[in-house]
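Chains as they are written, first to last, in our numbering: chain U, 17 to 715; chain A, 6 to 268; chain E, 4 to 331.
Only true hints are included.
Short, incomplete list of chain E residues facing chain A, as computed with Cβ under 8 Å: (1) His99; (2) Val110; (3) Val146; (4) Arg189; (5) Leu192; (6) Ala303; (7) Asp304; (8) Lys321.
Pair ranges (Cβ atoms, derived): (9) E:Asn294 to A:Arg231: 19 to 27 Å; (10) E:Val202 to A:Ala262: 20 to 28 Å; (11) E:Gly161 to U:Glu645: 42 to 50 Å.
No lab work stands behind these hints, which were simulated from the structure alone.
Idealized CB from N, CA, C, for every residue including glycine.
The primary structure of each chain is shown beneath.
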Amino acid sequence: MVSSAALSELTSSLESGRALFLAIHVLGTLTFAYIAWRRLIPLLHAERDCRFDRPFARLGKLAKFWFGQWKHPRYRTAGILHILIFTGFILLVIRSFSLLAGVSENGGVVGVSGTASHLYNVITDYAATVVFLCMLFAIVRRLVFRPARYAVPERYGKARTADAIFLLALIAVLMAADGLFSAAEAAGHLKAGQPAEALAVLSLPWVMQIVLASASLPTLGKLCFASYLVHEVTFYFLLCYRPFGIQFHVETSLFNVYFSKLERGTVKPVRWGMSEGQLDQIKSFGVKTFEDFTWKHMLDFYSCADCGRCSDNCPANAAGRPLSPRFLSIKARDYAFQHYPMFGKAGNGAPLIGSLFSEDQIWSCTTCGACEEECPLLVEYIDKIVDLRRGLIDDGNVPQSLQKPLKALESRGNPYGKMEKKRADWVSAKEFQQTCKVRVLDKNGASTLYFVDSITSYDDRMQSIARSTARVLDHVGENFGILGAAERDSGHEVRRFGEEALFEALRDHNIEAIQASGVKRIVTADPHALNALKHDYKGAPPVEHISQVIARDVKAGLIKFQPVANTNDVYTYHDPCYLGRHNLVYEDPREVLDAIPGLKRVEMSRSRDRSFCCGGGGLMLFYEPKEDERMGVKRVRMAAEAGANVIVTACPFCMANIEDAIKVAGFEGKMTVIDLAELADRQMLRPASPTVATSSLGG
Amino acid sequence: MEILVCARRVPDTSENEIALNSAGNDIERDELVYSINEPDNYAVEEALQIVARVGGSVTVVTVGSEDDEEILRREMAMGASHGVLLSDDAFIGSDGRGIAAILKSFVAKGNYDLILTGVQAEDGAAQVGGMLAAMLDYPFASLVNSIEVLDPKKLKIGREIEGGNREISEIDLPCVLSIQTGINEPRYVGMRGIRAVASVPIPTHGVSDLGIDPSTVGDAGGKVKRVDYFVPVLGKGAEMLSGSREENIDKLVELIAAKGGLN
Amino acid sequence: MPRIFAYVVHKGGIADDSAAELLAAARKIDPTGSVTAVVTGFGPNLDRISESLRASFGEVWKIANQSLDYPNAELIRKALVKVLPSGCFVLIPHDHFGIDLAPGLAVKLNAAFAPDILDADGSMGSNLNVVRQEFGGQLSAHVRCDVLAGVVVTVRPGAFKPAGSNPVVGLVVDKSVDVGPLSAGRRYLETVAAEAGDVDITRHNVLVSIGRGIQEKDNIGIAQELANVLGAAVSCSRPVVDAKWLEKSRQVGSSGKTVKPKVYLACGISGAFQHLAGIKGNPFIVAINKNPKAPIFQVADVGIVDDLLEFLPELTNKIREMQSVSAK
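This is chain U alone, in the form it adopts within the complex (with noise of 0.2 Å):
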């Protein structure tokens, strides 16, 4: 046999690449690298963020949602490809990177030998043929299938199909070289007399292999040779082209997870690293320029990936309203590589505001969430909408129809500019007073404080929430009180709207009170004001939604239901987006109306996290943007979809939006919404005599 001569045949041509492929080596290398370093400069200008607390959360954030893929199955077929990429790509990382370093002895990986090297081989002739397989089935959905959510409306530019389908190529081209590589040098290996590795049966290379098998050892070689020069090529040309577009999250993903909020439901503070009494000294408040961002959000802006999941389920961009998360964050990356472009001089400084956002596109976001919870590289968008906000009150520049109620509540702390001394109006209405007294707390108060809000004191629909919920309250013998006059809007909405002045003057008057009166914990059924207690307030008691106290005391015995009524309506609960989505409060709602006997419940298909928001609270309710159809009037088809004509929710705001949606949407008289305290306190059995009932917290 002339197993060396041929053998040295076979190498002798990767030999003399040597030089060759070293040159590409350190070439490419040095390229990313530079490439990677004129990427990071905007991030060194940018305002700081506070990231690097409780690794070990972190970690189990990176764990899940970034080795784990946990958001990816949502949207079940581009899920599972990308589960199948991504788990092929850490396979292949190892690979590849053995590849580059030089040939092993037996094509197997540098360092490990034996089994465990021939294992790796087996997994990985299948990892990159699956991988292969993928990018074929990604260019023919792309191309032929077209799901809608990678559509690029006119407004925000151009399709970059093109540019996907380049990529997913060479994708495609990379893992056919390293077949390639592997399938001509085991079949040298074979022409040569010499052991080969033995490659994993039906695998691309396997297959390759058999296409080889006549060939001849020169050219066995010269494949070898040039197989080997593409794969490096591609590998290097990917790696420095990737920071170019949407697949730098390739490179960033894992540290924008890493790095990813922990909180929910929280909004960042003005600048990280200053306290609330050294704010005075900022000259300029909120995101005004691109520099204004955190480091962090400028790595979101990198990493979104353009896969539209986020405008999918944003119930702003679905209405009409000119928002679209997904592009806010792609116009934004776009920006930032043109002004911070790989050769020459930064151009910065130049306002955010009708250059690259409008503010009409700032000021349509509800805040629900949607566009968090299913983003799987875990953007944040909320924080950047509210920091643009703060840069926008700071300037001045405030829709008219905003400007009132934010008068309304720096003066009397409400934004209906009612009196103070008629918040607590509600308690005196006629019928209501004989059977239930609600007490205005003093210094001896009770223990358990019933934080109203604004709405829910003022308006006269949203009046019988308050008082459901105290009957509820005072059923289960809490012993409770509310602050009245002495209670200023929860301020939540204020702050998410950029005011973030008087947001705190708001909340330091609540906060005071709140401690004057001595309670231990908050009950509220408005999931707004419960957020804003929970997160936005420091060293406020513990606050739970009337929801958790209802389902709680429904399963310790304390509140039992009589039959609905009418057996032929049919229920359906809408999740409130922050007593859901931000808060994490799905069941008890649920339990509480599956504990009404005879109570028929459908679930619609846009539930739990995946809730479409109702059209938003707070100020929003003032706000008077440009839409096509309400939000409210979706939601609304949404539950006669469902075959529901009875919706059940959680929150005056969704009260408001759900009641006038029904109107708009001509559904009056097909159609009721209620309030799940409401609908508890008209279900709710009484003793017919007063007996004494100990609420499930020992009063």
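Based on these hints, arrange chains A and E on the given structure of chain U.
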């Protein structure tokens, strides 16, 4: 262009309930919230937009007491460069003409190209702007809803007249204009901005600084005095339908049909 | 009793409605005295108006000057100052012209100024007692004016009902020469007509008019539905136009359109006089408002205290029902 805006602090009409006090001589002022008279706010915004175009600065002045400083600060937070308070015991109880005389003496000390006021305040008199112009012998225009600077000595203005029409005139500077609401969209003034000017000193001028004869202003100097407030006896008024909504609707449909409103 | 002058506003030689109202106000102030009309202008129109005023005014002072062809308040003020005797009473309508002319005139005549009066009582010698409104019509006030040196009064349109009086044959006095040439720092250029909207509210017999109470732009559909079943048009008050919910051509009021319908439904309109000034011809006014103290209830024929957002749709349904019944 140096612009002076004369402003006034009034009970906010949308956030208050205006009611007679128990003595019957004034409105119940205990729980009122005050703010700048809305047309005056439009005037300040207009002034700010003009100086943004042609340069200069905006001064806001008011006649009153320390309580009234808050509107000066708010307008300074909005962008006005200076706020001035004209305050003196002798000014208390001035009628519209007295206020105009006080403002006139302040204007005489300065060098303002343009003076703006809101068209009217809560008393609906719509008088101070016109009186001030006459005292200064400046040209005047009321109900102005558009301003264009033609040159440093001339403006082209639009006035709101009947039928939604606009009367376009040329007016020489210096002049006095009273501004109608809707001329622009005033910018928002946030709490942060207000906090930033909370301790800016506001110059205050009294009788001696302005060189006014105290007998021409204040209670003594006024020719017009409000004697009381009252709620007028309704007289005929409307026939109020007081049934249930359904009953009201039935009755109403009957009445409308009788008057030829249904075809 | 000092001499009373009434400044008569005219267009094309025809007296404005305010002339008769000023006369009624003058009679209220001094039931026995004679009232002098003052009219300015130029050419045949001025002659015509001067002639026609002789039937109601004892004396008609006519000031002819080419520069007064268009009623520029700045020039008119200068003219009046030249001819009016000191200590006189001058009545002017409280409209866009009066607001322009009167305050400065009071200063130049060194007279007291009583703006926007609803009633007057001149019987107290050197004092004139008037009634005014404040806070957008929510409260009325008695006001006493020291009129020793005269007074300039602007009269709320519609506050004084023209009374039939004994016909007079008045004297026309030409005061043009006493005035002489006039110039002012404000020069009239042109009048820009309001943009014609898609609907001409002045042509409708029934109007569904909305005010601030409609609360948001999207609710206007409720009013439109009612208008549809009534064959009416939707009109509005000023705040609705300021908020840019409807075009200016829909506004009823002193700075908007003047309408003369048979039936006027004022929904969520408070009743500020600037709005009411645009309603003429004494229509049947229905007021629907949440606030029982809204001034509109003083001028309406029928009033309903209710939430228009709920009331109107039910009213619409009722009318629709009736129409389908009668169609059968």
